[in-house]
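Generate coordinates for the entire structure from the input sequences, incorporating the hints supplied.
Single-letter residue listing:
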Amino acid sequence: MSEALIRYEPVPETPCVAAGVTISLAGPMQRFALRARRAEDLETVLKVRLPRHIGASEAGIACLGPDEWYLRAEAGATVPTDSGLPVAITDVSERSICLVIEGPRAAEILMSGCPLDLDNFAVGRATRTIYETVEVIIIREAEDRFHVELWRSFGAWFWIAITNAASH
Amino acid sequence: MILIHCPYCDEKRPEIEFANAGQAHIARPIDPSGESDADWETYLFIRANPRGRHHERWRHVHGCGRFFNAVRDTVTDKFETTYKAGEPRR
Ligand SMILES: [Zn+2]
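Residue numbers (my numbering), protein chains in the order written: chain Y, 1 to 168; chain U, 1001 to 1090.
Hints are computed from structural coordinates only; laboratory data are not their basis. No false leads were mixed into what you were given.
Some chain Y residues close to chain U (C-beta under 7 Å, calculated; not the full set):
| id | residue |
| --- | --- |
| 1 | Ile54 |
| 2 | Pro66 |
| 3 | Pro115 |
| 4 | Glu135 |
Just so you know, even glycine gets a beta-carbon here, dropped at the ideal spot from N, CA and C.
So this is what it looks like as structure tokens:
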């Protein structure tokens, strides 16, 4: 059935290449919003270790808040959801797109609209924050590579804003 | 831009990530139907509006998502302290 659906992306599939930075759309992936009072319950269900410190990320799982994690996995990945434990695991794959911002100017370009000090944002850190008026999740994958998760409907606006910043 | 210390993230974060959520330490009556109209009105609508030190709820809405309490000076807009929800008034 899925072959009959046409995938529409809110941003161009051709990367934006500017001096010192490249901005491109990441491929489809599976995303899960994880909520639980006790991290141990989620660990029992998912059979993985969860990062406990807010802002830490580990093996594709980011700790966003005291009871909230965000799991990203390759497209098609599944997780057990029927556990009987007091956890909430919700597939939010199509809610967001991911833009990859890469190059020596990556942090500088993101800071054009994000008030965090990304020069002092360690590799492996992940956080929810804001870019101008758009809520985003920023994950520092490497010294010069960030993943920016944002809701699809903000994609078109965000693309114009960030590529504009990149071209200056 | 003001930096606000989030007691859950345990770091100072930009003001734009936060939302004010009104006066803090207002407990919902255990038995609403046992309240007099005047007491219920006070609970629902009557709030302090001090010039100076004020206890407020704030939410790190574009961050960890949590509500917490803060003491802010309404004249200078300076945050004296912030602490987790459920902790005693400071
Ligand atoms: Zn926080």
